[in-house]
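Trainee: We have chain A already, so just place chain B on it with the hints.
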Amino acid sequence: MFPLLQLDGVGVRLGGRQVLSDVSFTVGKGEFAAIIGPNGAGKTTLIRVILGLRPTSAGRVIKGVNGAGAGRVGYVPQKIVIDSDIPLRAWDVVALGLDGHKLGFPFPSRRRREQVEQALQDVGALGYADARVGELSGGEQQRVLIAHALVSRPQLLLLDEPLANLDLRSEQEIVTLLGKLAREHEIAVLLSAHDMNPLLPVMDRIIYVANGKVATGSTDEVVTSEGLTRLYGHPVDVLRVRGRVVVVAGD
Amino acid sequence: MLTSGPVLTAFLIGAIAATTSGVIGVFSVLRTQSFAGHSLADIATTGGAGAFLVGVNQFWGFLVAGLAAATAMEAIGVQRRRDRDIATGVVLGGALGIAALFLYLGTQHTSRTGASFSILFGSIFVVAPDTVPAIIAAGVVAVATVAVLSRRLLLTAVAPELARARGVSVRLTGIIFLAALAVVVSLSAVAIGAVLSTALLVGPAATALRVTRSPGKAVLVSAVTGLAATWTGIALAYESYYWPPAGHGWPVSFFVVALVLVAYLLSYARKPRRMPPRSPHEEAAECSPA
Numbered sequence: 001m002f003p004l005l006q007l008d009g010v011g012v013r014l015g016g017r018q019v020l021s022d023v024s025f026t027v028g029k030g031e032f033a034a035i036i037g038p039n040g041a042g043k044t045t046l047i048r049v050i051l052g053l054r055p056t057s058a059g060r061v062i063k064g065v066n067g068a069g070a071g072r073v074g075y076v077p078q079k080i081v082i083d084s085d086i087p088l089r090a091w092d093v094v095a096l097g098l099d100g101h102k103l104g105f106p107f108p109s110r111r112r113r114e115q116v117e118q119a120l121q122d123v124g125a126l127g128y129a130d131a132r133v134g135e136l137s138g139g140e141q142q143r144v145l146i147a148h149a150l151v152s153r154p155q156l157l158l159l160d161e162p163l164a165n166l167d168l169r170s171e172q173e174i175v176t177l178l179g180k181l182a183r184e185h186e187i188a189v190l191l192s193a194h195d196m197n198p199l200l201p202v203m204d205r206i207i208y209v210a211n212g213k214v215a216t217g218s219t220d221e222v223v224t225s226e227g228l229t230r231l232y233g234h235p236v237d238v239l240r241v242r243g244r245v246v247v248v249a250g251d
Numbered sequence: 001m002l003t004s005g006p007v008l009t010a011f012l013i014g015a016i017a018a019t020t021s022g023v024i025g026v027f028s029v030l031r032t033q034s035f036a037g038h039s040l041a042d043i044a045t046t047g048g049a050g051a052f053l054v055g056v057n058q059f060w061g062f063l064v065a066g067l068a069a070a071t072a073m074e075a076i077g078v079q080r081r082r083d084r085d086i087a088t089g090v091v092l093g094g095a096l097g098i099a100a101l102f103l104y105l106g107t108q109h110t111s112r113t114g115a116s117f118s119i120l121f122g123s124i125f126v127v128a129p130d131t132v133p134a135i136i137a138a139g140v141v142a143v144a145t146v147a148v149l150s151r152r153l154l155l156t157a158v159a160p161e162l163a164r165a166r167g168v169s170v171r172l173t174g175i176i177f178l179a180a181l182a183v184v185v186s187l188s189a190v191a192i193g194a195v196l197s198t199a200l201l202v203g204p205a206a207t208a209l210r211v212t213r214s215p216g217k218a219v220l221v222s223a224v225t226g227l228a229a230t231w232t233g234i235a236l237a238y239e240s241y242y243w244p245p246a247g248h249g250w251p252v253s254f255f256v257v258a259l260v261l262v263a264y265l266l267s268y269a270r271k272p273r274r275m276p277p278r279s280p281h282e283e284a285a286e287c288s289p290a
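Going down the list, the protein sequences come from chains A and B. Mapping to our numbering: the first sequence position 213 is 213, numbers consecutive. Mapping to our numbering: the second sequence position 162 is 162, numbers consecutive.
For reference, chain A alone in the conformation it holds in the complex (with noise of 0.2 Å):
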């Protein structure tokens, strides 16, 4: 498999603080990869050096085949509230992720219509394209973000707590999306959340991230109070009920 993204031994400083040390791992062609950790852990910074938004004091990222396509990532930043009274349509804020950073006017074609309806499309907001954005609901408007970074044609997807501010059946449905595009479009998909549960039938890859540190592999090999306890660096037990995971604070 093809790495799409790949991290050798990075490390980040912010504020002359040791925030991230050799973090290293790779997400490949329609492969399924989560940022897992506590609220503070470090997994937005993560996101922000993958985008090139945040420098690191160590190591590499590499983006796309040996470095090609390197500019095809699409992006969805976390907690995004889009006013009510903003006059951009659910098709507008997709278009904006075609060519939103172009000076000038965009040049109505019959190809940039196809692209933003087909992205659209792709993650079912077809049906409220002409809605003012600002009156969608959490989930709509997720999925409206989704298709924004996906008009592009990305290679690989990368979603800051995407289920965050969700409510239950949203949350599902954005999941279940995120793995169709994965597993049909081959994208590679890479977000952060802070509970791994609803991510569990979907994930082929946790990246847990603690203590500055990460812990790399399947959720089965990562997921274990003696790999947890390592990583974190005090006692930590990893409870599995009717298939759901919980850490907790060990003794």
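There is no bait here: all hints are sound.
Once the Cα atoms are required to be at most 30 Å apart in a straight line, the calculated BS3-like pairs of lysine-lysine come out as:
| # | chain 1 | residue 1 | chain 2 | residue 2 |
| --- | --- | --- | --- | --- |
| 1 | A | K213 | A | K29 |
| 2 | B | K217 | A | K102 |
| 3 | A | K102 | A | K79 |
| 4 | A | K180 | A | K29 |
| 5 | A | K213 | A | K79 |
| 6 | A | K79 | B | K217 |
Source of the hints: derived by calculation from the structure; they are not laboratory data.
Mentor: What follows is chain B alone, placed relative to chain A:
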């Protein structure tokens, strides 16, 4: 009415001020920078008063002070919501205080008592013909700048983080926009006065945002609303010369601002397109595969 030179100039300047304010107003409301527009107007007042004191055309005073204020605001971050309260009290109050001093000294000096009124509330019937080309050029440059940046401004309005991830310098975009805003506020200050220019900037834009859904239409409706209010205002002001008290025309700015307010209130009469809140049951039914 249309045979008088000053009146024709008034219609022309009014059209430029109204359409540029309408266009840029939509973006400033989108970016929650209406207040920045108002701050620029307050500081432009000081510039206008200073220009009057030294005997230069007010437009140049508005423009120089507005651009200087835009630079300073970017540097100290006045346009950010949290810093606004402090800036309002200290900087803007101070700017208007200096404007008061300039106007006082200026009127003492030249015995032109109408100057205070024209700087604060506009002087569209007495625009010096030699500034007209400069006003047109400034308007064209400001609107062209915003047109070129329009997609980046919209992307930043959705989320600055999205723009940054696409390699857009959010800061630079903000500085350029603020400069264009300062230019437009200066134009508007000539038309309806420095302290009322915010009304032309925010009113038509707010009206348009209530009745349209796409950015292109919002800009169009905003510009047309501003233009209609301004031209009707000028015509009414001209006619008001025959209204009581006879022989004293009513100010243009009063009519323009009143009409903008009427347009905004009328936009509430239109039924909002907001979708009714749906019950979880309906949502579930919609999501299940057909």
